[in-house]
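Listed below, chain by chain, are the residues.
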Amino acid sequence: MEKQRILIVDDSEMNRALLTDILEDQYDITEAEDGAQAVEILAEDETEFWFVLLDIMMPKMNGFEVLEYINKHYWADRVVVMMISSDDSPGNINRAYNLGAFDYIGRPFDPMIVRKRIANTLLLYARQRDLEEAVKKQFYEQQKDNDLMISILSHIVEFRNGESGVHVQHVKRITELLLRQVVRRTDQYALSEKDITLISMASALHDVGKIAIPAEILNKPGRLTAEEFEIMKTHSEIGARMLSDLPIEQFNSPLAKVAYEICRWHHERYDGRGYPDGLKGEEIPIAAQVVALADVYDALTSERCYKKAYSHEEALNMILEGKCGAFKPLLLQCLRTNSDRLKSLCTSTAWGQDTGELRGVKGKGNGSRLLHEKRQDTPLKQPEYMQLLYVDSLTGAYNRRYYEEYIQAVPDMEAAALIDVSQLEQVNKDYGRDVGNLVLQRTAQALLSRIRRNDHLIRYGGDEFLLVFTSMEQEAFEARLEEIKKYFDSLTIDGYPQLHMAVNVGGAYGTEKMELLFHMADNMLKQARHTEERVMVWFAGENADRMQNSEGEDIRG
Amino acid sequence: MNLKDCYAKFNGDFDGVMGRLRREQLVTKFLYKFLDDKSFELFETSMKNQDYEEALRAVHTLKGICQNLSFDELYESSSQITNALRENDTGKAMELAPQLSRDYYKVIHAVEEYKSAVEG
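Protein sequences appear in the order of chains A and B.
Mind the numbering: the first sequence is residues 1 to 557 in our numbering, read in order.
Mind the numbering: the second sequence is residues 1 to 120 in our numbering, read in order.
No lab work stands behind these hints, which were simulated from the structure alone.
Fair warning: there could be bad hints in the mix.
[As the list claims (entries may be wrong)] Straight-line Cα separation of at most 30 Å, DSS-like style, residue types lysine-lysine; simulated pairs: (1) K343/A <-> K308/A; (2) K33/B <-> K60/A; (3) K220/A <-> K194/A; (4) K60/A <-> K9/B; (5) K116/A <-> K48/B; (6) K220/A <-> K144/A; (7) K115/B <-> K92/B; (8) K3/A <-> K33/B; (9) K486/A <-> K526/A; (10) K144/A <-> K116/A; (11) K33/B <-> K116/A; (12) K116/A <-> K29/B; (13) K60/A <-> K48/B; (14) K485/A <-> K308/A; (15) K328/A <-> K194/A; (16) K60/A <-> K38/B; (17) K3/A <-> K29/B; (18) K115/B <-> K33/B.
[Said to hold, decoys possible] Stretches of chain A that chain B covers, calculated by requiring three or more beta carbons in the stretch to come under 8 Å of a beta carbon on chain B: (19) 16 to 26; (20) 98 to 110.
Bear in mind the structure is a predicted one, so any value in this text is a computation, not a measurement.
Just so it is clear, CB atoms sit at the ideal spot from N, CA and C, and this is done for glycine as well.
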C-alpha cells in the first residue's frame, strides 16, 4: 500500500527535522518552510489527500492564513490539519479549531504521542471514507437491483402480451420527461428528484395486472367484445391488489405505494370518465396521471397486435383533441413542450438508454419512414378509415390492399419473405373454421413478435403472409427466417395441444424492386414446400444456378 | 563528559528530553543540529536592524526548539523576550537580550565540549 503523505510546515529546519525523524519510517514526508510553500504544494493535485502538521508563526504566510486558504478553496475534505505550536494560549487554540484544524499539539511534544495521534486521525478518516464509499456503493447496487427486478417483472407481462418489449422502457422515459416539465411549471406536487426517480421506476409496473388476463383476450388481434373489454379493464385493479397484498412492511415502502397508485389509476381520466374508480381531477395521484399520459402516447406510437403505429404528430393531435380521454391541461402542455424530445425518441433507434438484453427478440428498425411519409401523401387523414381499409380484420396484420397501394411500388426494398401455414386446409377440415382462424391469428401474432418496429406484416391472402423488411444484413435476414421457422415448430395453440403448426418460408434478398422480390419469394416458397428444410432464399446478383431452381424462369428479362 | 553532564552544564532537563525522545543518539543528533541553527543569529541581526517582527519570529522559533530539547534556561529567556516583543515592548526586549545571549552560548559551549569529548 502506498504511504500516506504528510506535509510538515515549519520555518525552523530543526523543528521539521525532529518531526521528520519520528515520522519518516511510516509516512511519505514533504517539508515546507512557510505557509506560502505549503499551499503551493497542496494546490498541485486537487485530488491528493494530505495530512498537514502546521506551525503557526511563520514568515510570508502564517498557519492561520494557511487554514483560511484551505477553507477558501474547499480543500477541507482532503486536507487534514494538525497544528503544532509552542504558543498554546486559549485564543490561538480556539482560533485554529474554528478555522478547521483537526487537532492542536503544544510544544514540547512527545513524538510517540504525535505519532499515535496522527495514526488515529488517519484511521478515523479512512474509516469514514470507507464507510461513505460502502454506503454509496450499496445504495447504487440496490437501486440497480431494484431496477432489474422491476424490469424483469414488467417484461414478463409484456412478453405475454406479445407487445414490443420496449413499451416499459418508453413509458419510463416519457414519465421522467413529463415529470421534469411538471416540476418546472408548478410546485403544486412538491416533487423532489428522488420522487421523479421513484415514479419513473414504479411506472414500469403499470400493467402488471395484465398477467391475470386470459391470453386470448390479451392477444386478440381484432376488436374486443364489450364483455372482453370489461375483463381487460380489471387489470388495473388486479395490479393494485397484487401490491396491496404484499406484507404490510413492504407495501409501506414508497416504491410500492407509488406503484399501487399507478397500477390502480393509470386508466383514470381527468374528467372522471376513466376506470376503475372514476376519480376526477386531482383525486388522481400525479404519478398515475403522468403514467396514464405516457402510456397513451407510447401505445399510439407503437405497433400492436390490434393496430399499427401512428406518427408522433398524429399521436400528439389525437391526445390533444381528447380522443384518448381527458388529461390535466398542464400535463398536455408538458407533452407539447416535450414534443421535439418525444419525436426524436419515437424515431430514434436508441430508445430508453439501456434496455439491455431483456429487449428480447424485437430489435428496432432503422431508418424506414415509409409509413409516415406515405401517410402524409394520402387524402385519408383519418386513422379510423386507414384501419378499416388497410388492416386485415381477422389477424390485425396489414391487408393485400395496403401492400398494393403502399409497398409494391417502392423501389430499393431490401428483403421480403412469403410464409404459408402448412396444412391449414386440413386444420379447417378436422377442427373447423374457428380453429383455422385461431391458427391464423396466432400465426400473425407470432410473426409480429418476430419483426422489428419498421418492418411490415401483410396477410397476402388465405394462408399466406408477407414480411417486408427494411434495411437488413443478409446474414441477419437468413437467420431471421430460420428463426421464424423454428419458432413455429415449438408453437402450440391454447386448448389444442395436439395441433402443431408449421410454416414454409420463401425469401428474397437484395436491393431490388419490390415486385421482383415478391416474385422471387413466391418462387422460393413453392420450392420450400417440397424440401425438408422448408426455408429457401434467393439472393439478388448470385449465380444463375440458384435462380435456375426457380423453375428456370428468368424474370429479369 | 556524557550527555547528562552536558545538560547539567546549561541547566537543561535531561530526564525531560529523554522521556520524550527516548534515545541518546536522537538527542545528540539534534544537539549537533542546534549548533548550526540560525534562529539566534537572525534574532540578533533583526534587533540590530530594528526589524522587531522578524526578531519576534526568530526568538519564537528558538523558544520552540528549546521546548523540544528541554533547554530550560534558554527557554526561559527566549520566552520572556518573545512576550516582550509580542507586546511591542522593544525596550524590555533589548534589556533582556544580553541574558538570552549568555544562556545561548552556555548551551553552545556545553554542546561543543560534549561533541569534542565524544569524537575524541
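Okay, the hints, checked on the actual structure:
1. Taking the CA atoms of K343/A and K308/A, the gap is about 17 Å. The hint holds against a cut of 30 Å.
2. Annotation: proposed proximity of K33/B to K60/A holds, straight-line Cα distance about 25 Å (limit 30 Å).
3. Annotation: proposed proximity of K220/A to K194/A is violated, straight-line Cα distance about 39 Å (limit 30 Å).
4. At roughly 37 Å between alpha-carbon atoms, K60/A and K9/B are farther apart than 30 Å, so this suggested pair is violated.
5. Restraint check for K116/A and K48/B: the C-alpha separation of about 43 Å exceeds 30 Å, so the hint is violated.
6. At roughly 35 Å between alpha-carbon atoms, K220/A and K144/A are farther apart than 30 Å, so this suggested pair is violated.
7. Of the pairs offered as hints, the one joining K115/B and K92/B is violated, with about 35 Å between alpha carbons and a cut-off of 30 Å exceeded.
8. A distance of roughly 27 Å separates the Cα atoms of K3/A and K33/B; the hinted pair therefore holds under the 30 Å criterion.
9. Distance check on the hinted pair: K486/A and K526/A sit about 19 Å apart at the alpha-carbon level, within 30 Å; holds.
10. About 41 Å separates the Cα atoms of K144/A and K116/A, which puts this hinted pair outside 30 Å; it is violated.
11. As the CA atoms of K33/B and K116/A are separated by approximately 26 Å, the hinted pair is consistent with the 30 Å bound.
12. For the hint pairing K116/A with K29/B, the CA-to-CA distance comes to about 23 Å; that is within 30 Å, so the pair holds.
13. Proposed proximity of K60/A and K48/B is supported: the alpha carbons are some 21 Å apart, at most 30 Å.
14. A C-alpha spacing of about 24 Å is found between K485/A and K308/A, which places the hinted pair at or below 30 Å, so the restraint holds.
15. Restraint check for K328/A and K194/A: satisfied, since their Cα atoms lie roughly 23 Å apart, inside the 30 Å limit.
16. The straight-line distance between the Cα atoms of K60/A and K38/B is roughly 18 Å, inside the 30 Å bound, and the hint therefore holds.
17. About 26 Å separates the Cα atoms of K3/A and K29/B, which keeps this hinted pair within 30 Å; it holds.
18. Restraint check: the Cα-Cα separation between K115/B and K33/B comes to about 12 Å, which is no more than 30 Å; the hinted pair holds.
19. Closer than 8 Å: that is the beta-carbon criterion, and the region 16 to 26 of chain A has 3 residues meeting it against chain B, so the requirement of 3 holds.
20. Residues of the region 98 to 110 of chain A lying with their CB closer than 8 Å to a CB of chain B number 4, which satisfies the three-residue condition for coverage.
Hint compliance for this structure: hints 3, 4, 5, 6, 7, 10 are not met, and every other hint is.
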